[in-house]
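S.K.: Whole structure, please, built from the sequences with the hints as guidance.
The listed protein sequences correspond, in order, to chains A and B. Our numbering puts the first residue of the first sequence at 38, with every later residue one more than the last. Our numbering puts the first residue of the second sequence at 38, with every later residue one more than the last.
By construction, these hints were calculated from the structure, which means they are not laboratory data. All residues carry an ideal CB built from backbone N, CA and C; glycine is no exception. Take these hints with a grain of salt, some might be off.
As the list claims (entries may be wrong) - Example chain A residues on the side facing chain B (calculated, C-beta under 8 Å, incomplete): (1) GLN143; (2) TRP183; (3) PRO235; (4) LEU245; (5) THR268; (6) LEU270; (7) ALA301.
Protein chains: 2
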Amino acid sequence: MAIERIAILGTGLIGASAGMALRSRSFAGVIAGWDPKRNEVETALRMGAVGEIATDPVTLAKASDVVVLAGPVLTMLEWLERLAPELGPHQLVTDVGSVKGALCAQAAGGYNGPEQAGFLPGHPMAGKELGGAANASANLFEGAVWLFTEPEGAAERSAQAAALAVEWRAWVAKLGCRVLDTDPVRHDVLCAWISHLPQMVSTALSALLEDQFEADADLLPIGGRALKEMTRLGSSPYSMWRDIALTNTDAIAHSLLALEQRLAHIRENLKTPELREEFARANEFRLGNSPKKS
Amino acid sequence: MAIERIAILGTGLIGASAGMALRSRSFAGVIAGWDPKRNEVETALRMGAVGEIATDPVTLAKASDVVVLAGPVLTMLEWLERLAPELGPHQLVTDVGSVKGALCAQAAGGYNGPEQAGFLPGHPMAGKELGGAANASANLFEGAVWLFTEPEGAAERSAQAAALAVEWRAWVAKLGCRVLDTDPVRHDVLCAWISHLPQMVSTALSALLEDQFEADADLLPIGGRALKEMTRLGSSPYSMWRDIALTNTDAIAHSLLALEQRLAHIRENLKTPELREEFARANEFRLGNSPKKS
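M.R.: Laid out in structure tokens, this is it:
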């Protein structure tokens with residue numbers, strides 16, 4: 038196999054979990070890590086996510102077969118730009134970012150040419166409401182879907198880079214993931230609906246309840262499981278979501294507006310049979326008993 | 038102890054769970070059940086939630102020390118009215134309804150007088166997204182809060198009814214619940230925020246996603262834990278929520294409108310520092326690190 042050295046740039050929750058997961062599935066090569074925060078990469082080393090700590094990300098990337106970008110989206114845009122002239126066709130860059138359109142646009146021209154490094158955009162649909170290497174887990178990706186969004190022109194990449202991409206996909210499957218392919222635009226719209234919207238809703242609900250009841254620390258235990266679940270993502274730090282909001286703005290705004298309208302519709306129909314229809318639609322989503330599905 | 042015969046009117050999820058929980062905590066008296074749906078009460082009998090099945094709810098109630106009302110709110114309003122002239126000061130009616138204002142208003146005049154049965158309104162903050170005796174569990178209330186909303190005039194109730202109320206509260210504590218008291222109006226506003234609003238949000242989100250993606254049955258697994266949690270309550274049937282929407286309409290509408298405005302605020306600030314403030318407020322709700330709380 039061609040992947041002997043993997044570099045993880047950004048050893049937070051996802052980057053460190055990827056390292057731990059690779060190791061636990063018997064990846065025998067070198068995994069080296071770098072993070073702008075020294076304590077994050079030291080934690081990753083302590084947890085066995087990386088076996089080596091690098092002091093310079095470019096030097097590290099140049100010495101690696103596969104470079105895994107695992108930082109915030111805007112940071113990864115910078116890394117992509119900075120690494121493009123440094124890497125060659127015997128190398129593959131992949132990432133774990135939550136927004137793919139901006140990354141694919143940045144990579145266009147600088148990657149996937151016959152003389153360039155390959156770029157395979159990826160997105161594991163897994164995470165936690167708290168980031169950082171200390172929360173990483175070798176099983177974070179078990180049972181999750183790992184989306185890939187091959188950019189236009191990916192077929193032009195070198196044979197070596199193409200082989201690395203195939204091998205990386207195989208590793209993702211070994212981590213316990215189901216691999217699905219889509220295109221960057223569809224990915225970003227899909228994730229706005231099923232990931233970014235739920236996050237914003239949980240943040241909005243949590244912030245609203247904090248404003249209403251801040252003196253009452255007992256609210257979460259009184260509300261029970263439902264309230265805990267609906268506000269769990271309210272713990273997510275802004276730092277994990279800022280770049281997503283900045284780079285997938287239109288799709289998120291569109292989904293938010295649609296939900297606002299849906300809530301208004303429910304509010305106006307609390308006493309009418311329309312409410313029954315809303316519950317029936319919701320039941321179909323969860324229970325899959327829509328006649329249109331069969 | 039004075040409670041020797043308990044009647045459960047409505048042996049669905051909550052009623053049957055109450056019976057199973059009482060039995061598992063060694064309640065040694067008789068628990069008899071009645072339900073308008075024969076199969077529900079037969080399931081409750083099979084699961085050990087009730088030891089006897091009654092054919093007439095009024096006859097059953099008249100022969101009991103404590104009558105536990107565990108049906109939809111509008112049904113319980115009817116039962117309260119129908120039972121008032123049939124019961125006496127040696128008896129206590131309690132309930133498990135999610136809305137307390139309407140029930141307390143109905144009970145006023147017909148209960149808690151020196152010659153009348155007592156009425157102790159209660160609300161266990163526990164449930165599941167699917168109802169019915171088949172989903173009942175002896176541990177449903179373990180760790181939950183059980184709210185009581187003593188109505189005005191409760192102090193006038195007979196000594197016997199007062200003693201039964203004390204004993205019922207002790208049983209609730211034995212079920213593993215934390216007992217809290219509030220008044221009916223505050224209860225209904227609180228539950229609109231922490232229970233009814235989260236339900237409507239989950240229903241709206243699920244219904245919206247069903248409309249957007251109904252052809253794509255794979256959405257739930259792709260979205261992962263966050264999407265599953267945020268839409269779990271979308272499985273809740275209309276039948277469990279209709280009466281709540283009908284009897285706590287104003288408070289639910291008020292909380293829905295506030296959330297719509299909060300979502301619009303986020304939507305308009307996806308690229309501004311205001312988004313950081315929203316995440317910070319949400320973090321405070323979940324993590325309790327508000328300076329105002331300390």
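S.K.: Hints numbered earlier in the text: which of these fail when held up against the supplied structure?
M.R.: 1, 2
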